[in-house]
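Chemist: Here's the letter readout for the chains.
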Amino acid sequence: MRIVSEVVLRLRSLVFRRREEREMAEELRFHIDMETEKNLQLGMTRTEARRQALITFGGLERIKERTRDARGLRWFDDLVTDARLAVRTLGRNRAFAATTVLTLTFGIGANTAIFSVVQGVLVRPLPYPDADRIVRVAAGARPKTGLDEIPFSRQGYWHFADNQESFEAFGDYHWDDRVRAALTDAGPPEDIIVARVSSSAFEVLGIQPQLGRLPTLEDEELSNSVAVISHEMWAGRYASDPSVIGRDIADDWPVEIIGVMRPGFDFPSPEVDVWRITGLNSASREVTGFQAGMHGWSAIGRLKPGVTLEQATADAEALIAGFAELDYEPADLEGLFDGTAIVRPIKDEIVGGARTPLLIALATAVFVLLISCSNVANLLLVRSESRSREQAIRLALGSSRGRLTQYIMMESAILTLAGTVGGVALAFVGTSILVASAPAGMPRLDQVGLNTTVLLVTTAVSIVAALFFCLAPSWAARSRGPRDRLRSGVYKSTMDGKRSRVLDGLVVTQTALGLILLVGSGLMIRSFQQLRSVDPGFEVDGVLTFWLTVSVTELPRGPSGFYFELLDRLAEVPGVESVAGTESLPMTGVVREIGSATLGTVQIDEFPAAEGELNPNFITKRTTPGYFETMGIPIVEGREFTRDDYSPNFTETAFIVSAAVKRKYWPDESALGKRLTWGRLNGPIVGVAGDVRHRGLEVPAEEIVHSAQIIGRTMMIAVRTAHSPGRVFQEVGRATRELAPGVPITRVRMMSDILADSFSRTSFTMNLLVLAGLLSLLLAAVGLYGVLSHVIHQRSREMALRLALGADPGRVRSMVVLRGVKLGLVGVVIGLGGAAILSRFLGSLLFGVPPLDMRTYVIASVVLLGVAVASSAIPALRAAATPPATALRCET
Amino acid sequence: MTHDRLELLQGTLEMLVLRTLLVEPMHGWGIAQRIAQMSSQVFDVNQGSIYPALQRMKLKGWVRSSWATTENGRRARYYELTKAGEEQLTRERTQWERASAAVNGILDWAEGSA
Numbered sequence: 001m002r003i004v005s006e007v008v009l010r011l012r013s014l015v016f017r018r019r020e021e022r023e024m025a026e027e028l029r030f031h032i033d034m035e036t037e038k039n040l041q042l043g044m045t046r047t048e049a050r051r052q053a054l055i056t057f058g059g060l061e062r063i064k065e066r067t068r069d070a071r072g073l074r075w076f077d078d079l080v081t082d083a084r085l086a087v088r089t090l091g092r093n094r095a096f097a098a099t100t101v102l103t104l105t106f107g108i109g110a111n112t113a114i115f116s117v118v119q120g121v122l123v124r125p126l127p128y129p130d131a132d133r134i135v136r137v138a139a140g141a142r143p144k145t146g147l148d149e150i151p152f153s154r155q156g157y158w159h160f161a162d163n164q165e166s167f168e169a170f171g172d173y174h175w176d177d178r179v180r181a182a183l184t185d186a187g188p189p190e191d192i193i194v195a196r197v198s199s200s201a202f203e204v205l206g207i208q209p210q211l212g213r214l215p216t217l218e219d220e221e222l223s224n225s226v227a228v229i230s231h232e233m234w235a236g237r238y239a240s241d242p243s244v245i246g247r248d249i250a251d252d253w254p255v256e257i258i259g260v261m262r263p264g265f266d267f268p269s270p271e272v273d274v275w276r277i278t279g280l281n282s283a284s285r286e287v288t289g290f291q292a293g294m295h296g297w298s299a300i301g302r303l304k305p306g307v308t309l310e311q312a313t314a315d316a317e318a319l320i321a322g323f324a325e326l327d328y329e330p331a332d333l334e335g336l337f338d339g340t341a342i343v344r345p346i347k348d349e350i351v352g353g354a355r356t357p358l359l360i361a362l363a364t365a366v367f368v369l370l371i372s373c374s375n376v377a378n379l380l381l382v383r384s385e386s387r388s389r390e391q392a393i394r395l396a397l398g399s400s401r402g403r404l405t406q407y408i409m410m411e412s413a414i415l416t417l418a419g420t421v422g423g424v425a426l427a428f429v430g431t432s433i434l435v436a437s438a439p440a441g442m443p444r445l446d447q448v449g450l451n452t453t454v455l456l457v458t459t460a461v462s463i464v465a466a467l468f469f470c471l472a473p474s475w476a477a478r479s480r481g482p483r484d485r486l487r488s489g490v491y492k493s494t495m496d497g498k499r500s501r502v503l504d505g506l507v508v509t510q511t512a513l514g515l516i517l518l519v520g521s522g523l524m525i526r527s528f529q530q531l532r533s534v535d536p537g538f539e540v541d542g543v544l545t546f547w548l549t550v551s552v553t554e555l556p557r558g559p560s561g562f563y564f565e566l567l568d569r570l571a572e573v574p575g576v577e578s579v580a581g582t583e584s585l586p587m588t589g590v591v592r593e594i595g596s597a598t599l600g601t602v603q604i605d606e607f608p609a610a611e612g613e614l615n616p617n618f619i620t621k622r623t624t625p626g627y628f629e630t631m632g633i634p635i636v637e638g639r640e641f642t643r644d645d646y647s648p649n650f651t652e653t654a655f656i657v658s659a660a661v662k663r664k665y666w667p668d669e670s671a672l673g674k675r676l677t678w679g680r681l682n683g684p685i686v687g688v689a690g691d692v693r694h695r696g697l698e699v700p701a702e703e704i705v706h707s708a709q710i711i712g713r714t715m716m717i718a719v720r721t722a723h724s725p726g727r728v729f730q731e732v733g734r735a736t737r738e739l740a741p742g743v744p745i746t747r748v749r750m751m752s753d754i755l756a757d758s759f760s761r762t763s764f765t766m767n768l769l770v771l772a773g774l775l776s777l778l779l780a781a782v783g784l785y786g787v788l789s790h791v792i793h794q795r796s797r798e799m800a801l802r803l804a805l806g807a808d809p810g811r812v813r814s815m816v817v818l819r820g821v822k823l824g825l826v827g828v829v830i831g832l833g834g835a836a837i838l839s840r841f842l843g844s845l846l847f848g849v850p851p852l853d854m855r856t857y858v859i860a861s862v863v864l865l866g867v868a869v870a871s872s873a874i875p876a877l878r879a880a881a882t883p884p885a886t887a888l889r890c891e892t
Numbered sequence: 001m002t003h004d005r006l007e008l009l010q011g012t013l014e015m016l017v018l019r020t021l022l023v024e025p026m027h028g029w030g031i032a033q034r035i036a037q038m039s040s041q042v043f044d045v046n047q048g049s050i051y052p053a054l055q056r057m058k059l060k061g062w063v064r065s066s067w068a069t070t071e072n073g074r075r076a077r078y079y080e081l082t083k084a085g086e087e088q089l090t091r092e093r094t095q096w097e098r099a100s101a102a103v104n105g106i107l108d109w110a111e112g113s114a
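Taken in order, these protein sequences are the chains called Z and B. Residues 1 to 892, numbered by the numbering used here, are exactly what the first sequence covers, in order. Residues 1 to 114, numbered by the numbering used here, are exactly what the second sequence covers, in order.
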């Protein structure tokens, strides 16, 4: 207890420091006056009396010191003094302080932000129990089909489900984000995305709903109309009312709600609002004629304990081989399946595409961190060198080594504190920025937040590193006594070899890493330019797009009637140049139907598929009239669709093919008039359109067949306008709602934005690398400048001597510049090697540029060397400009 | 008579101050005078070291201080012994006597056996 009150009293005296000082001064003055009085009485003169009094008292200042020590908290006092001094000193060395603080800020902030995103997107496990045992299964596709894989057909799935041995649960699902329903009863029309997921697929996932239940096998066998709704839909449309279980979704949609999902459930996609059964597991397993060729189902399975991916893949391949015994057309078997099976953990499926850009972002951040750390190490080493003389003097005057170390630690503590505060702020801001600017379609971003563990770790690492670099030089020099360091002048004109080598090593490292980043950014810039220069085949600017989901009951005159009228009305909206609809706009995904010989995709009458061969697999698009004009796609031959082409019966139609189709099948003759068959439809080619890059700029132009058909599905409408899209859309929306009040209008976007999204992975990576490249250039320049300035300073007396003795200032200058250039050169060479090795990791992000593109490497090297020369030249010029007399006069 | 610095007996300074204050509260100069007087001027130099000692004793709760006016009308800080201080004095005195007896014992013995 005594100790506590003692500490409290000490703290109090710190707080009331001034009062205590005053009182102490008064008290001591009283004592001396009294003693002086006494001496006067003893007969001394006034001066003598006072002098004797002071002698008897003892050293006044020392007593004051000792009293102060006894009174307050000595170590706290020291701390405050040190802090004040450190702040003043750092204020004089602003460049050094700023670089160190910025380095720490960046190191902590940027790395935490990127790590947080990587953790949230790539590392975080999926929210299913033992999620790494869940895999997606599909069959490998023959390259001719143009597909990556073949989904399951009915009979294929049943064959798998009945005979598989690797999975403890195996289930089917199907979803297409174009399958949307419209709900119109409560409030504005809502656009609902429906997915089909079987009870066994839910079993594979192993999740439970928040309310109610999931569909069961019984539901499926009885083909019940049941559905589970998403949490967002429940909260929004049904106001979180628990009695929703058992009700139908809507009056005109007699599907019973049996459950509500937990928030954030995102299989097969976060956008899904309603889950219904697939219909594959009904009690009867009949397959009517045209259904036999339909391959529309995906499957997931949960591996049995102990079963590996390889075993499961082998099992699946065996089952695929068994397709031969099923009800398959031989043409299908040969033409579709290549015999392999694809068994992949679903996490890979979800995050696979995000992996490369994120990992590159990570590597970039680490690189810049390394560069800035070596910069700080550089500056600190240099600084401790120039401080050594001052420290030697302090030691000689009686300071303890511990006290000096304490001061150095205070300096690093201040820098570290500033850097950490900045770093935490940057981490917060940076995470939000990264999430906002991430490439389109990056999965799982909604759950990414600042990861506190990472923040703590990076902070701790930075603090330890900063402390290490602050203390290491003094620790290394502890064996040398003050005497060595007090010796100045010509005898000690250069640093000792080891320290010099470390500095050089750091500069070279910085330069090498900087070059790698520059090469990376150069490659990405060129990729980006190449991508952007690709002609998409249509006029991108000035096209407003949106999706319409119309239920068939809304169309008393049939889909064609409805859309014709809609297009007429929209064409009258002021500002609209042209308007059209299609089932898929470029860059919005592809509707590819897997054709079998019986059902088929498009067959060319002139070139029927040979025995055992499959029909060619074209991209098919049903479009309205005016599509090509609206999209700015040139008609190379023939004409656009007219309304007459859209026959009300379902047997006749007209086709327009892309130039790629004509080139392949009718290279030397006109394609017009050639007949095509699609299912039950048949008709002539009436036009050939220019090539369009449908799937993305990096995919070569594809074979597209447009048909003059309009069906009651989700349609994408394109509106070409030169006016402000916002105003035009308001009018367009109004006109649409007038015609069809219950139709939800969704996905309103400009075509140019859709296009930009398609290469957002590239632009995201490019922006990151360019930023990092510029930063590293700046840091390399600062680092080199710092080192060389210091070297020159150290050698200034030597150089001044040379100048005074008649040396040519030019030679002195070039000596310095040469050293800088040498370091830069070594760094560049090492960097080139590193870049050559690492650039292939950019892999899929590069477009039109090989990883070893000469031009980029050369330009990057030249830029970096230029910076090296400039950073060396400035200190050199300054050195040569100093009159020799000044340099000789000032002590190092 | 040699004038020894008070400091030399750092450990005992506090004890002497406590003893002085046992008589009556006193200001710092007065304590120094009293000690010089009572020791027959043996301890009279480096009086200033009283102050750090007084400060320490204040923190330990053995004395307390207050400002008052002297008979000459000057302001001075007076120190007063506390109960804890009295007890401390007794403790230290006992220790001192035991220690000095022991030391004396050794010195006498050495002479005795010589």
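I should point out that these hints are in silico values taken from the structure, not numbers from a laboratory. Just so it is clear, the structure is predicted and the values come from calculations on it, not from any experiment. All C-beta atoms, glycine included, are put in the ideal place defined by N, C-alpha and C. Among these hints, one or two may not hold up.
[To be verified] Under 8 Å between C-beta atoms, here's a sample of chain B residues computed to sit facing chain Z:
no.	residue
1	Ser-49
2	Pro-52
3	Arg-77
4	Ser-100
[To be verified] Pairs of lysine-lysine residues, derived as DSS-like cross-links and limited to a Cα-Cα distance of at most 30 Å, are as follows:
no.	chain 1	residue 1	chain 2	residue 2
5	Z	Lys-304	Z	Lys-144
6	B	Lys-83	B	Lys-58
7	B	Lys-60	B	Lys-83
8	B	Lys-83	Z	Lys-64
9	Z	Lys-38	Z	Lys-64
10	Z	Lys-347	Z	Lys-304
11	Z	Lys-64	B	Lys-60
12	Z	Lys-664	Z	Lys-144
13	B	Lys-58	Z	Lys-64
14	Z	Lys-664	Z	Lys-674
15	Z	Lys-38	B	Lys-58
16	Z	Lys-144	Z	Lys-674
Chemist: Indicate, hint by hint, whether the structure satisfies it.
Modeler: Against the structure, the hints:
no.: 1; hint: Ser-49; result: holds, 6 Å
no.: 2; hint: Pro-52; result: holds, 4 Å
no.: 3; hint: Arg-77; result: holds, 5 Å
no.: 4; hint: Ser-100; result: violated, 26 Å
no.: 5; hint: Lys-304(Z) - Lys-144(Z); result: violated, 34 Å
no.: 6; hint: Lys-83(B) - Lys-58(B); result: holds, 13 Å
no.: 7; hint: Lys-60(B) - Lys-83(B); result: holds, 12 Å
no.: 8; hint: Lys-83(B) - Lys-64(Z); result: holds, 28 Å
no.: 9; hint: Lys-38(Z) - Lys-64(Z); result: holds, 22 Å
no.: 10; hint: Lys-347(Z) - Lys-304(Z); result: holds, 18 Å
no.: 11; hint: Lys-64(Z) - Lys-60(B); result: holds, 19 Å
no.: 12; hint: Lys-664(Z) - Lys-144(Z); result: holds, 14 Å
no.: 13; hint: Lys-58(B) - Lys-64(Z); result: holds, 16 Å
no.: 14; hint: Lys-664(Z) - Lys-674(Z); result: holds, 14 Å
no.: 15; hint: Lys-38(Z) - Lys-58(B); result: holds, 28 Å
no.: 16; hint: Lys-144(Z) - Lys-674(Z); result: holds, 23 Å
In the structure shown, a violation is registered for the earlier hints numbered 4 and 5, in ascending order.
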